[in-house]
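Please take these sequences and the hints and turn them into a complete structure.
As they're listed, the protein sequences go chains A and B.
Start counting the first sequence at 1; every next residue gets the next number (our numbering).
Start counting the second sequence at 1001; every next residue gets the next number (our numbering).
Keep in mind that a hint or two might mislead.
Stated by the list, open to error - Covered by chain B, according to a simulated footprint, are these stretches of chain A (three or more residues, beta-carbon under 8 Å): (1) 13-26; (2) 30-43; (3) 50-59; (4) 82-89; (5) 108-114.
Claimed, not checked - Subject to a maximum C-alpha distance of 20 Å in a straight line, what follows is the list of computed SDA-like cross-link-like pairs (lysine to any residue): (6) A:53 with B:1054; (7) B:1105 with B:1067; (8) B:1105 with A:53; (9) B:1105 with B:1115; (10) A:53 with B:1050; (11) B:1105 with B:1127; (12) A:53 with B:1051.
These are calculated hints, taken from the structure and not from any lab test.
Note that the Cβ used here is the ideal one computed from N, Cα and C, for glycine as well.
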Amino acid sequence: MAHQDRPLSPHLQIYRPQLTSVLSILHRMTGVFLGLGAAMLTCWLLTAAAGPKYYAWSEWFLTSWLGYALLAAWSFCLFYHLCNGVRHMFWDAGLGYSMRATYASGVLMVLASLGLTGLSWGIGLAFYFTR
Amino acid sequence: MRIQTPLARARGFGSAKDGTHHWWWQRLTALLLVPLSLWFVASIWWLVIGGAGYAAFADWLSGPVAAILMILFIGATFYHLQLGVQTVIEDYVHHKLIKWTLLIKLTLASLVFGLASVYAVVVVALRG
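Put into structure tokens, the structure is as follows:
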């Protein structure tokens, strides 16, 4: 075990991207990115605990163009990670392992996460404009 | 043929020394987070993107259902986050010292951020 530099499998450099592998790595990337969102959640809650003056800072940031961009990304990542997580639960239960089912559930999951993201923004903005 | 010794089988912990604990809690927190994160987005979305202000936020969070679900959501989120990012670090960071430094930072940061979030919820909820 002296040699540390052996190549690791799978060799991403020579591996042709497929829907399954791309969706799998996106699950991890969205998860890590949602970790930053969780840190934002903590900041948001702490400013609220500090009082209305500090809460206004959070609102100023979250409703800025950068805030909206981050919220758009976080909401999509959350729905993606959620839908793909449910897909993983079916796999854990031993269901949906055929190639056909794996690809079909992958496409369905992406469509569902896009749909839920659109729905949440639609409802959220409707509230915003009718308030 | 079994290569495992009877003692190893009796202990049942495998090479990671804690059995299926990591896998099991990853799934359990995931299961909790399915309804909780949907509830979270549905509840806070208009407060955040609408910029509804502190009074509306405190009014929402000071209800018992919102405060308790929020604390549950925070606990499940940060535990799930810690378990998930731990796997990512273990898979991609191979330098021993960097790996362990990151793992320790991750565990402590998850704990501190999680506790800070719960503390903030309690403060706002009790202040009303």
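Evaluated hints:
1. With 0 residues having a beta carbon nearer than 8 Å to a beta carbon of chain B, the region 13-26 of chain A misses the requirement of three or more and the stated coverage is violated.
2. Counting residues of the region 30-43 of chain A whose beta carbon lies closer than 8 Å to any beta carbon of chain B gives 8, which reaches the threshold of three, so the coverage claim holds.
3. Closer than 8 Å: that is the beta-carbon criterion, and the region 50-59 of chain A has 5 residues meeting it against chain B, so the requirement of 3 holds.
4. Closer than 8 Å: that is the beta-carbon criterion, and the region 82-89 of chain A has 5 residues meeting it against chain B, so the requirement of 3 holds.
5. Requiring three or more residues with a Cβ within less than 8 Å of a Cβ of chain B, the coverage given for the region 108-114 of chain A is violated, as only 0 such residues are present.
6. Restraint check for residue 53 of chain A and residue 1054 of chain B: satisfied, since their Cα atoms lie roughly 9 Å apart, inside the 20 Å limit.
7. Straight-line distance between C-alpha atoms of residue 1105 of chain B and residue 1067 of chain B comes to about 28 Å, which puts the hinted pair past the 20 Å bound.
8. Proximity of residue 1105 of chain B to residue 53 of chain A is assessed by CA-CA distance (about 31 Å); at most 20 Å being required, the pair is judged violated.
9. The straight-line distance between the Cα atoms of residue 1105 of chain B and residue 1115 of chain B is roughly 15 Å, inside the 20 Å bound, and the hint therefore holds.
10. A threshold of 20 Å between alpha carbons decides the hint, and for residue 53 of chain A with residue 1050 of chain B the separation of about 17 Å falls inside it, so the pair holds.
11. With a CA separation close to 32 Å, the supplied pair residue 1105 of chain B and residue 1127 of chain B exceeds the 20 Å bound.
12. Distance hint between residue 53 of chain A and residue 1051 of chain B is fulfilled; the C-alpha atoms sit about 14 Å from each other, no more than 20 Å.
Violated hints, listed in ascending order, are 1, 5, 7, 8, 11; each of the other numbered hints is respected by the structure.
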